[in-house]
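Participant: Using the hints, position chain B against chain A.
So the sequence lines, in the order shown, correspond to chains A and B.
Residues in the first sequence are numbered consecutively from 1, following our numbering.
Residues in the second sequence are numbered consecutively from 1, following our numbering.
Output of the computed footprint for chain B on chain A, the stretches with three or more beta carbons under 8 angstroms from beta carbons of chain B:
| no. | stretch |
| --- | --- |
| 1 | 76-86 |
| 2 | 96-102 |
| 3 | 149-161 |
Chain B regions said to be covered by chain A (calculated; three or more residues, Cβ under 8 angstroms):
| no. | stretch |
| --- | --- |
| 4 | 192-199 |
| 5 | 205-217 |
Here are the computed distance ranges between Cβ atoms for each label pair:
| no. | chain 1 | residue 1 | chain 2 | residue 2 | range |
| --- | --- | --- | --- | --- | --- |
| 6 | A | Glu-65 | B | Gly-145 | 50 to 60 angstroms |
| 7 | A | Glu-65 | B | Gly-28 | 56 to 66 angstroms |
| 8 | B | Pro-194 | A | Leu-188 | 22 to 32 angstroms |
| 9 | A | Gly-138 | B | Val-21 | 29 to 39 angstroms |
| 10 | B | Ser-121 | A | Gly-15 | 21 to 31 angstroms |
| 11 | B | Pro-194 | A | Phe-200 | 34 to 44 angstroms |
| 12 | B | Ala-134 | A | Met-1 | 53 to 63 angstroms |
| 13 | B | Arg-207 | A | Phe-142 | 10 to 20 angstroms |
| 14 | A | Gly-69 | B | Ala-297 | 49 to 59 angstroms |
| 15 | A | Lys-54 | B | Leu-286 | 58 to 68 angstroms |
| 16 | A | Phe-200 | B | Ala-324 | 53 to 63 angstroms |
Calculated directly from the structure, the hints in this document are not laboratory data.
For each residue, glycine too, the CB sits at the ideal point set by N, CA and C.
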Amino acid sequence: MATLEITGLRKEFGGVVALGGVDLSIDSDKIIGIIGPNGSGKTTLFNVVTGVHKPTSGRVIWRGENITGGSAYRIARKGLVRTFQQAMSFPGLSVRENVRIACERGRSEGRAISAVGGSPEEVLHFVGLADEGNEIAGSMPFGNLRRLGIALALGINPELLLLDEPAAGLSHNEADDLMELVLRLPKLGIGACLIDHDMFLMSALCERLVVLNFGTKIAEGPPALVLNDAKVKEVYLGADL
Amino acid sequence: MQTIKRSGGGEHWGPSRAEVVAAVIIVGLLLGFPLLHPGYRFLSLAITTGFTAIALYGLAFQFGQAGIMSVGHAGLMGIGAYTAGILAVKCGIGFWPALPCSALAAALVAGLIGLPSLRVSGQHYIIITFCFCALLAIALTNGGGLTGGASGLDVGPIGPAFGLNFNKLLNAYYLVVAALLTCLLANHLLVNSPYGRTLRAIRENERLSRAIGINTNLHKIGALMVSGLFAGVAGILQAYYLRHISPGLYGPFPSLYLALMVMLGGSRLLYGPLTGAVIVSFLPELLQLNPIDSRIAYGVGLLLVILLLPGGVSAGLLGVYRWAMSKTQPSNPRGRRGHA
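So that you can see chain A by itself, here it is in the shape it has in the complex (with noise of 0.2 angstroms):
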C-alpha cells in the first residue's frame, strides 16, 4: 500500500464540482507532479488532502490511517505537510525564529528527526538560508521566501511533502535552484508531491505525472507517455499548440 491512498476523493462548492472523484496513490520516496489547466483542480485536491477543505466524499488514507476530513494540524502533525500557493512565511518574524517555530513543532510530536536535521540552523542551512537568519522573513525577496516555505514544511520534519507551485514567479535561474532543492528531498526520506504549469520542468524532474481536468484524473504514468497521451494534448496542450 502506498504512504498516501486516495480514492473517490470529491468536493462540492455549492454546486461547482472542483474534484470529481479523484483515485491517487503516492509514495514517499519518490517525486510525482499534478499538472492541469487553470481551475483543473490541483489546490483543491491539497486542501481537502490536507484537512484546509472537508471532502464532499471520498477517502484520505495516510500510512494505512484514515484521515479523511482532519483537522488540518492534526494532518501536518502525522508527516504529511504542504506549502502555499501564495509564498506563505510570518512575515514580521525574524527568519530564524521562523524555522524555529516549526522546528519545535516537529520536536513536540516526538518524531524522528530527519536527515534535514532537527535545528532550525541545520535547516536554514539545507534551503540555502544560512546567511539570512536574522532577515524579517517580510522584507526578503520572493525567491528565499518559498525557501523560507519550504523551510518551514521541513522543519517540522516531514514524510510528504506537497507542494503547490513551488516555482512560481521566480526568474529561470531561483526556479532551478528551487528543483535542485526538491530533486535532494527523496534521498533524505521526503516525498514530494509538485503541482506547476512549468511542463519541462515537471517532466524532468517527475518520475510520475497525474494530469487533472475538470476535477478528474484523465492520465498517469511516466511525463513521456503521459505528454503524449492523446487526451492530455488535447486539453491541456492543445490549448497551446
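Facilitator: Chain B only, in chain A's frame:
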C-alpha cells in the same frame, strides 16, 4: 556547536547585557521609589499604577503576542475583584486564599468569552469583548445581595503575612511591586518560550500555523486565559486596595482606558505596558491637569503615538536607544534581535 558556527554569529539566547541593565534599573526604581518620599498621594498613585500594569501585561500578552485585542479587559478585572469580594463578604475568605480563586475565575471567564474569537476576528471580536463588559456591569448592578447592586461590596483589609501589616500603605506598595515583578518575569518567560513563539506564529499567519501543526484554536483560547489570570490578580489587588468595589469600575470606559494604555506604551516589548501605565497615571498628576484636560491630552497623545510610533512609546524609546548605540558603535550593525 558546529551549527552555531554556521549561523554567521549574532545569535545568543540568553539575556543581553542591555537587557540585564534595563532589568536592574526597573527593579531598582520600583523598589527605591518610596525612598524619594513620594507622600501619600503619589504612593497611592503608584499602587494604582502597579495593579493596572498587571492587568495591562495580560492584555499586552494576548494582543502583542497572539494579536487578539480586547476592549473588555476591565470586565475580567471585575471578575477577579468580585470573586474576591463575594468570597470575603459571603464566605469570610480572606485575601490570600482568594488570590488563586480570583485569578482562575478571571481566566475561566476569559476563555469562555474567547470562544467566539475562534469564529470572528479583528473588529468583530473587539465588539464582543465590549458587549461582555457592558453586560457584566449591568449584571453586577442587578446582582442583588450577591454583588451588592449598584453600591457594590465592602472588602476587608489584607490579612498580615510574612510578618507584614498590609494596612500600612508602604507595605501595600511592596505587595503590589512584588506582584508586578512576578508578572513581569512571567511575561518575559512566556514571551521567550516556545509557547510565546507559537502565539506569534498565529498572530502572523493563522493558516500557515495550522499547516505546520499548530492547534490554533486551542492556543488562542490559551492566550486569552493567560491574559485572564493577570487580570484576575489585578482585580483582587484593586479590590483590597480600594476596600470597596462597585460595577462602575469594570464597565466599558475603564476597559477602553486599559486598551489605550497598552497601545500608548506598546504591547510587544517587555516594559511597554509598564511605560503606558506610568505615563497615563503620573503625567496628568505631574502636569496638574484637571480630569477633562487630561482626557483631552490623553486622546491627543494617543493619536500622536499611533501616527508617529506605531509600536508605542516603549518601541520609540528603544529605537532612540539603538540609534544612539549605532552612533557610538558603528561596527555592530547586526546587533538587532528580539521578536517585535
